[in-house]
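Student: Here's the letter readout for the chains.
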Amino acid sequence: MNREEAENCREDMEIDGNDSEMPAQRHADIIPDGFNANYLKAYYGKVFPHSDIFKWMCYGHDGKHPGCDPTYLSRREFSFTLDNDIYLRFQSYTSAYELESSIKEKCPFKIDIGPVYSVNPAKRHAYAQTGDNVFTPVERELIFDIDITDYDDVRFCCSGADICLDCWPLMTVAIKVIDTALRDDFGFNHILWVYSGRRGVHCWVCDGKARRLSNEQRAAITDYFRVYKGNENSNKKVSLVGPVLHPFLARSYTDVLKDFFEGKVLLNQNILSTEEKYEKILEMIPDESVAAELRGKWQEKRKAKDDINVVRWEQLKSLLYSGKVKHIQGLRRCIEEIIFSFTYPRLDMEVSKHMNHLLKAPFCVHPKTGRVCVPIDPNNCEEFDPTAVPTLSQLLQELNMSGSRADMDDELDRTSLGRAVRYFRSSFLQPLLKSCKEEIESAYNSRLQQSKNSLSW
Amino acid sequence: MQSLGTRRVNHQNDAVAVAVAGAASPLPLYRSAPPLEVRLEDFEAFAVDRLRVLKAISDGLSRGKKPEEMKNLVDELLKTHMSHPKPPEAVNKDVISHFVLRLVYCRTEDLRKWFLSMETTLFRYRFKRESEEAQRALMADFNLPYKAVNTAEFESVKDKLGQVARSIGQSLPTADAIFYKVPFEDVPELVAGRRVYIHRGNAYVAMNQVVSLVVTQFRSFLSKALILTNRKWTSSIKEQEKDRLTPIVEVLSTSYLGPDYSQPRESAEISLKDIDHLAKSSFPLCMRHLYDKLKEDHHLKHGGRMQLGLFLKGVGLKLDDALAFWRAEFSQKVGAERFEKEYAYNIRHNYGREGKRTDYTPFSCQKVISSTPGVGDHHGCPFRHFSEENLRAALGGMGVGNRGMDDIIDKVRNRHYQVACTLTFEAVHGSSCDAGINHPNQYFIDSQKILQSKLISSSYNARPSRMLKTIISLANISICKPAHHVKQ
Numbered sequence: 001m002n003r004e005e006a007e008n009c010r011e012d013m014e015i016d017g018n019d020s021e022m023p024a025q026r027h028a029d030i031i032p033d034g035f036n037a038n039y040l041k042a043y044y045g046k047v048f049p050h051s052d053i054f055k056w057m058c059y060g061h062d063g064k065h066p067g068c069d070p071t072y073l074s075r076r077e078f079s080f081t082l083d084n085d086i087y088l089r090f091q092s093y094t095s096a097y098e099l100e101s102s103i104k105e106k107c108p109f110k111i112d113i114g115p116v117y118s119v120n121p122a123k124r125h126a127y128a129q130t131g132d133n134v135f136t137p138v139e140r141e142l143i144f145d146i147d148i149t150d151y152d153d154v155r156f157c158c159s160g161a162d163i164c165l166d167c168w169p170l171m172t173v174a175i176k177v178i179d180t181a182l183r184d185d186f187g188f189n190h191i192l193w194v195y196s197g198r199r200g201v202h203c204w205v206c207d208g209k210a211r212r213l214s215n216e217q218r219a220a221i222t223d224y225f226r227v228y229k230g231n232e233n234s235n236k237k238v239s240l241v242g243p244v245l246h247p248f249l250a251r252s253y254t255d256v257l258k259d260f261f262e263g264k265v266l267l268n269q270n271i272l273s274t275e276e277k278y279e280k281i282l283e284m285i286p287d288e289s290v291a292a293e294l295r296g297k298w299q300e301k302r303k304a305k306d307d308i309n310v311v312r313w314e315q316l317k318s319l320l321y322s323g324k325v326k327h328i329q330g331l332r333r334c335i336e337e338i339i340f341s342f343t344y345p346r347l348d349m350e351v352s353k354h355m356n357h358l359l360k361a362p363f364c365v366h367p368k369t370g371r372v373c374v375p376i377d378p379n380n381c382e383e384f385d386p387t388a389v390p391t392l393s394q395l396l397q398e399l400n401m402s403g404s405r406a407d408m409d410d411e412l413d414r415t416s417l418g419r420a421v422r423y424f425r426s427s428f429l430q431p432l433l434k435s436c437k438e439e440i441e442s443a444y445n446s447r448l449q450q451s452k453n454s455l456s457w
Numbered sequence: 001m002q003s004l005g006t007r008r009v010n011h012q013n014d015a016v017a018v019a020v021a022g023a024a025s026p027l028p029l030y031r032s033a034p035p036l037e038v039r040l041e042d043f044e045a046f047a048v049d050r051l052r053v054l055k056a057i058s059d060g061l062s063r064g065k066k067p068e069e070m071k072n073l074v075d076e077l078l079k080t081h082m083s084h085p086k087p088p089e090a091v092n093k094d095v096i097s098h099f100v101l102r103l104v105y106c107r108t109e110d111l112r113k114w115f116l117s118m119e120t121t122l123f124r125y126r127f128k129r130e131s132e133e134a135q136r137a138l139m140a141d142f143n144l145p146y147k148a149v150n151t152a153e154f155e156s157v158k159d160k161l162g163q164v165a166r167s168i169g170q171s172l173p174t175a176d177a178i179f180y181k182v183p184f185e186d187v188p189e190l191v192a193g194r195r196v197y198i199h200r201g202n203a204y205v206a207m208n209q210v211v212s213l214v215v216t217q218f219r220s221f222l223s224k225a226l227i228l229t230n231r232k233w234t235s236s237i238k239e240q241e242k243d244r245l246t247p248i249v250e251v252l253s254t255s256y257l258g259p260d261y262s263q264p265r266e267s268a269e270i271s272l273k274d275i276d277h278l279a280k281s282s283f284p285l286c287m288r289h290l291y292d293k294l295k296e297d298h299h300l301k302h303g304g305r306m307q308l309g310l311f312l313k314g315v316g317l318k319l320d321d322a323l324a325f326w327r328a329e330f331s332q333k334v335g336a337e338r339f340e341k342e343y344a345y346n347i348r349h350n351y352g353r354e355g356k357r358t359d360y361t362p363f364s365c366q367k368v369i370s371s372t373p374g375v376g377d378h379h380g381c382p383f384r385h386f387s388e389e390n391l392r393a394a395l396g397g398m399g400v401g402n403r404g405m406d407d408i409i410d411k412v413r414n415r416h417y418q419v420a421c422t423l424t425f426e427a428v429h430g431s432s433c434d435a436g437i438n439h440p441n442q443y444f445i446d447s448q449k450i451l452q453s454k455l456i457s458s459s460y461n462a463r464p465s466r467m468l469k470t471i472i473s474l475a476n477i478s479i480c481k482p483a484h485h486v487k488q
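One line per chain: the protein sequences are A and B, in this order.
Numbering-wise (the working numbering), the first sequence opens with residue 1 and increments by one.
Numbering-wise (the working numbering), the second sequence opens with residue 1 and increments by one.
A portion of the hints provided could be inaccurate.
Within a straight-line C-alpha distance of at most 30 Å, the following computed BS3-like cross-link-like pairs (lysine-lysine) qualify [unchecked claim]: (1) A:317 / A:353; (2) A:258 / A:326; (3) A:353 / B:242; (4) B:66 / B:55; (5) B:295 / B:280; (6) B:113 / A:317; (7) B:341 / A:41; (8) A:353 / B:66; (9) B:293 / B:224; (10) B:224 / A:229; (11) B:280 / A:353; (12) A:324 / A:305; (13) A:277 / B:295; (14) A:209 / A:64; (15) A:229 / B:242; (16) A:229 / B:147; (17) A:452 / B:224; (18) B:295 / A:368; (19) B:160 / B:66; (20) B:55 / B:242; (21) B:55 / A:229; (22) A:326 / A:368; (23) B:160 / A:229; (24) A:452 / B:147; (25) B:160 / A:104; (26) B:224 / B:66.
Hints listed in this document are in silico derivations from the structure and should not be mistaken for laboratory results.
Assemble the whole structure, with the sequences as input and the hints as a guide.
Tutor: Given below as structure tokens:
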């Protein structure tokens, strides 16, 4: 029996609950850092929360209620990126067992989740023959993708794919602003935030009415969140017009952005410390004479016991708020515009606008960092530390260390992923499934009522 | 209910009164096809008139006309093309032409999309000019299930409603103002523009915004109707009418939309080594800019890859060459491996070799202009999306001189982006472009035509003596032979 067969054999036994051997025997005691296919195999075999993902994707349709749609899961697209960059689209599954065995067998480097289509996506060509069944997305979570590389012009600590604890709070702020609006403004309740594994966050809005939004409605929500009007070839990045801000922007500003800017960004990013940096801010002041006055002040060499960024920011504010510039057009919103430019969430709009965008599944492992895409609790998102997210090798190490006598759930608990999975279940999955059940029930009853009405003539 | 009924009657009287005055006909909802007999000439003539209206609306939108300008435009168009000395005839013409164009524009996704969008815009501006009373009556016709917000609730959200009103430059709502509380899903355009207060999934829509509610209904109704019409068309009408209506219908749909440039012209194939040269000589600014940025950064974001990639496909770049082209640039930045993994798929996808296997068509000017490039993006229409300073620099880079530049900038300020692009074409090529620029691939083809004829008819030392300047207008049909001035 070669090694691969041996592994498969072990996995079969696990499924039967007879779990006597552990990867400890497969790997040496020390697991080197990094990412490789063997680690991943062990991860999918022992740690990945298959059944939670399955239950989530079923949205209650795996139940016995007559209102359940047994085809629901099978119409969902999964896509796998395998080793060697082989990309498998339009995978679909009819049961928890199928999904789990396929993941274990193919050992994908990345699992993407697509929309629920009108027909089983794996059989789309067969359906195409019959004419009337158009292959088209019918349901999809409302998703958001925020990537810190889009903030490169306002962060000076890192660039590209790098992140550090100085720039990560930009993501925290994005979560707070968007999460609050999704709940308070749009009335969504079932929202999952996930660390993307390297440099950003994903958001899944899973309420029934979110999943059924049309592309146009998705675009409308995305535009509601949009304040950046500029692109790489025009100067103005944030343009806030009108005598007052829309309640959503006003709330985001006073509750989150202003304090974050003055308390964190100013100091962490030293945005007024050098000429090169403060010139960027002076560019945002639409009146040349005002900008020149500040430039004059800032060019003077001076010793100050306070932080130079704070001093200069106070100077800027007191000049812009002073009576003598009040009459100048376009200055009224200038301070807000600067703060929005540096702090307001930058969404990848295209991802959210269309139903057929794929998004990486939670609990995947990022192949570059080896970090697991764990959920982030929006209520405690300040505490989330991307540099402390469990890595693949760390998880395997923990499994090795802790011996071998337990069932799946306990095994999870023995690793640092346990907390993340428990959060996923208790704060996201359980409330979601509860409301899915209610929705299925009430939809069924109203259908019943309808057919009764149409019969009783 | 009584009061609503009365209102409806009033509305009809109003409408007739207005129509008698010759200014406008009442606003039909086009719920069902009219049981009218139509002469075949009218069938076609009415449809052509309506098409003129829709086409002009489409042009207005792509020029970024403001709502106020659109309103005037629609008024003008209706008066010119849709009025009739006898008011009942005007109503008939309105209804008949709409249903004829439904037949014409039901047959492909692209045609439906265009028709839906233009008819909806037309409906919107016609609805807006109705009186408040007439608007309420029309709302009743749509059976909208919305209720006005009661006083207690109004008081509880009054501050927020005021904040929204002020944020969009409107006066504060008075105590007797009517607001409807509707699911935010029903007013996407108001949500997108942050023009409503939204709380827990409900949008508070002011009376002067109900047009959005009605338009959404109109749009979704028409969208469904078009699908049904298409089924009927393919299953029966097309065959039954093959000697009578079918030819008319087929001609009508091609006469206005123009070619989609999805297939390169015959024998037009370009190879990798030509691209650099062609980019300098024949790419419109939007593509030239993307091309230069790609060469500079060895990277473009999604929107840029789509816009340039499909353009190149239309120009005649074969899939294998396209892959080589993008690979050569991207691999310098992200490495060959990541290119194959993350980007090659999309290129094959654009050529219809992956995913849905749709052969995607290159973007038209209208699509490019209406795109919304964000941070890090270079796609879009430079005439619309660049700051003036950057635009001037970019035009300078194309070789546009000072005088031409000012004309172009002037057009841009008036939001005539396609006209600005046409002027740029003329400045760069030294010959006129009477048709105007409607599609980046058309720019390319026209440019190539001119350059090739120059190559044939001129010796190399002859330079264009004087830049030919033409003012673009539909009326200007003077024909300039591209190279006639070079020969002297």
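Student: Does each hint fit the structure? Answer for all of them.
Tutor: Here's how the hints hold up against the structure:
no., hint, result
1, A:317 / A:353, "37 Å, violated"
2, A:258 / A:326, "21 Å, holds"
3, A:353 / B:242, "41 Å, violated"
4, B:66 / B:55, "17 Å, holds"
5, B:295 / B:280, "13 Å, holds"
6, B:113 / A:317, "49 Å, violated"
7, B:341 / A:41, "21 Å, holds"
8, A:353 / B:66, "24 Å, holds"
9, B:293 / B:224, "42 Å, violated"
10, B:224 / A:229, "34 Å, violated"
11, B:280 / A:353, "34 Å, violated"
12, A:324 / A:305, "29 Å, holds"
13, A:277 / B:295, "28 Å, holds"
14, A:209 / A:64, "23 Å, holds"
15, A:229 / B:242, "50 Å, violated"
16, A:229 / B:147, "35 Å, violated"
17, A:452 / B:224, "27 Å, holds"
18, B:295 / A:368, "27 Å, holds"
19, B:160 / B:66, "27 Å, holds"
20, B:55 / B:242, "27 Å, holds"
21, B:55 / A:229, "28 Å, holds"
22, A:326 / A:368, "51 Å, violated"
23, B:160 / A:229, "25 Å, holds"
24, A:452 / B:147, "28 Å, holds"
25, B:160 / A:104, "53 Å, violated"
26, B:224 / B:66, "29 Å, holds"
Hints 1, 3, 6, 9, 10, 11, 15, 16, 22, 25 from the earlier list are contradicted by this structure; the remaining hints agree with it.
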